[in-house]
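Number of protein chains: 2
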Amino acid sequence: MKTAAKRSSRSVAFQGELGAFSQQAVRQLLGPSTSVVPCIRFEDIFRNLKDGNVAGAMVPIENTLAGSVHENYDHLLHFELPIVAETSVRIVHNLIAPKGVAFRQLKRVFSHPVALNQCLDFFLANPQIERIPYYDTAGSAKMVVEEGLTDSGAIASAVAAEIYGAHILRKSIESDRQNFTRFFLLRTPEYAKRHPARVPAGTVWKTTLVFSTRNIPGALFRALSAFALRDLNCTKIESRPLRGKPYEYLFYLDFLGHVDHPSSQNALRNLEEITDFLRVLGCYPKGA
Amino acid sequence: MKTAAKRSSRSVAFQGELGAFSQQAVRQLLGPSTSVVPCIRFEDIFRNLKDGNVAGAMVPIENTLAGSVHENYDHLLHFELPIVAETSVRIVHNLIAPKGVAFRQLKRVFSHPVALNQCLDFFLANPQIERIPYYDTAGSAKMVVEEGLTDSGAIASAVAAEIYGAHILRKSIESDRQNFTRFFLLRTPEYAKRHPARVPAGTVWKTTLVFSTRNIPGALFRALSAFALRDLNCTKIESRPLRGKPYEYLFYLDFLGHVDHPSSQNALRNLEEITDFLRVLGCYPKGA
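For the protein sequence lines, the chains are A and B, in the order given. Using the working numbering, the letters of the first sequence map in sequence onto residues 1414 to 1701. Using the working numbering, the letters of the second sequence map in sequence onto residues 1414 to 1701.
Among these hints, one or two may not hold up.
Copies of the same chain are indistinguishable here, so a pair counts whether it falls within one copy or spans any two.
[What the hints assert, rightly or not] Computed cross-link-like contacts, DMTMM-like style, restricted to lysine to aspartate or glutamate with a CA-CA straight-line distance of at most 20 Å: (1) Lys1649 x Asp1487; (2) Lys1658 x Glu1587; (3) Lys1658 x Asp1589; (4) Lys1606 x Glu1493.
I should point out that these hints are in silico values taken from the structure, not numbers from a laboratory.
Could you put together the complete structure from these sequences and hints?
Shown next, in the form of structure tokens:
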């Protein structure tokens, strides 16, 4: 892709249409003027960064209601692109309609099934409005505007409303406000080396790694002890199946600490003794 | 549902069309003459059992390639229906067509996207055949037969071919044979009490439980130590988000041991000291 190659030095790939929550993550971490490359599938974001078409990839990794985005854990393992930053986006669902369309005109609302499900209280209170599943939140906002629908709305981010020139009829209609998505910013290994993070003194660091334990009793306990014995706080653990070894697992683990710190180094050496496979996926400032 | 109520004393609910791999799990555990109630959504199987419409529910919990069925972990927590047995089904994907249709006639093959993805080698070797996503594996076999398609096949189980009167053109076209799905058989608490498992001496037991740790450093390590200190082998751990507490987690854990055994009881008492919430989801003979 010529266009993508041209803007490769600065642009960041994300999954979804323009106005997706991933784009909000890009704005939060890198500012509103960062150019973006929307992609159809998660795999495409990784592929575009690996191939040098973009300078970064913004990857959703977990949502506080729906859980981990397991597919992206698998891609982290396969593409070997370092995590250089994290950020957490509050998911605010807005009821959006083409300009001129009033709330009482709405007969149906389009959005991604997960977003529709996260606004059940709104639909219970408004039984006259039908929920219609659509492939993307921002895409549903784009569609109702482009088709000029006068009886339909969409559920999407405020950024989507802005981008597609729609207006917001109801702000924040999600049932549960404790709804956040955590994102990883990935770079190429070369870029990460040339541009080390410049951070204030006292920054708390996080390290993400992946390992598989030997299939022996207490293997995971021993692995976690490598951190516990050094007072390193593990903030997340996620298991994924190990291909070719039915009912054995890979573990993805986040702990607080810089990978180069002596206690982290000791923990990793300890971990190497008791694992079959171990790789550091990234070390980055702990996000707000 | 009158029909469902009538057969409630013996039938088992599963998700998918007749001929789904879940039905194979029912046959493996309970024999081929067990009557079954196919359901559209996972939630429906739990609901049918809770409401007394069926006597059991067969629930897929993890696949050795795709990972855990996280939605069903959430349902296990909410419906409080005990796990009384487990079984593992080898997923064999067969290329199926209506009788009379030959391999060279095939222009397209329908199946669930996961099944299509698990047969990539077959599609690479046969580029003339288009892959078309369908909502269900067994459903795709049903459809090509009912529509009498002469240029289309489906990917589904041998049981589906048998049920819909189709024939198998190619056996076992999955790329990776280490493809198993583990199922839980659920009963109502009353049924489980009235019908304790009759098992041979020397049976190995498994217990599944769910807990949330206090948000303190090393919390998961302390929880696992309750088992490690008593030589109880944990065979699986799965994390899910804890609703209302962003970036805190519930852990689902399987360990080898009968819940009534003294060392299990000690481990559970130890676990209670360091968890906010703890519930045993079931104790059942370890499956083959």
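- Could you place Lys1649 and Asp1487 in one of the four classes (within, between, both, neither) given a Cα distance threshold of 20 Å? Both, since 16 Å and 18 Å are each at most 20 Å.
Using 20 Å as the alpha carbon limit, work out where Lys1658 and Glu1587 are close: within a copy, between copies, both or neither.
For Lys1658 and Glu1587, the Cα distance is within 20 Å only across copies (16 Å; inside one copy 41 Å).
Given a CA cutoff of 20 Å, do Lys1658 and Asp1589 count as a within-copy pair, a between-copy pair, both, or neither?
between (39 Å within a copy, 11 Å between copies)
Intra- versus inter-subunit Cα pairing at 20 Å for Lys1606 with Glu1493
within (14 Å within a copy, 51 Å between copies)
Hint compliance for this structure: every hint is met.
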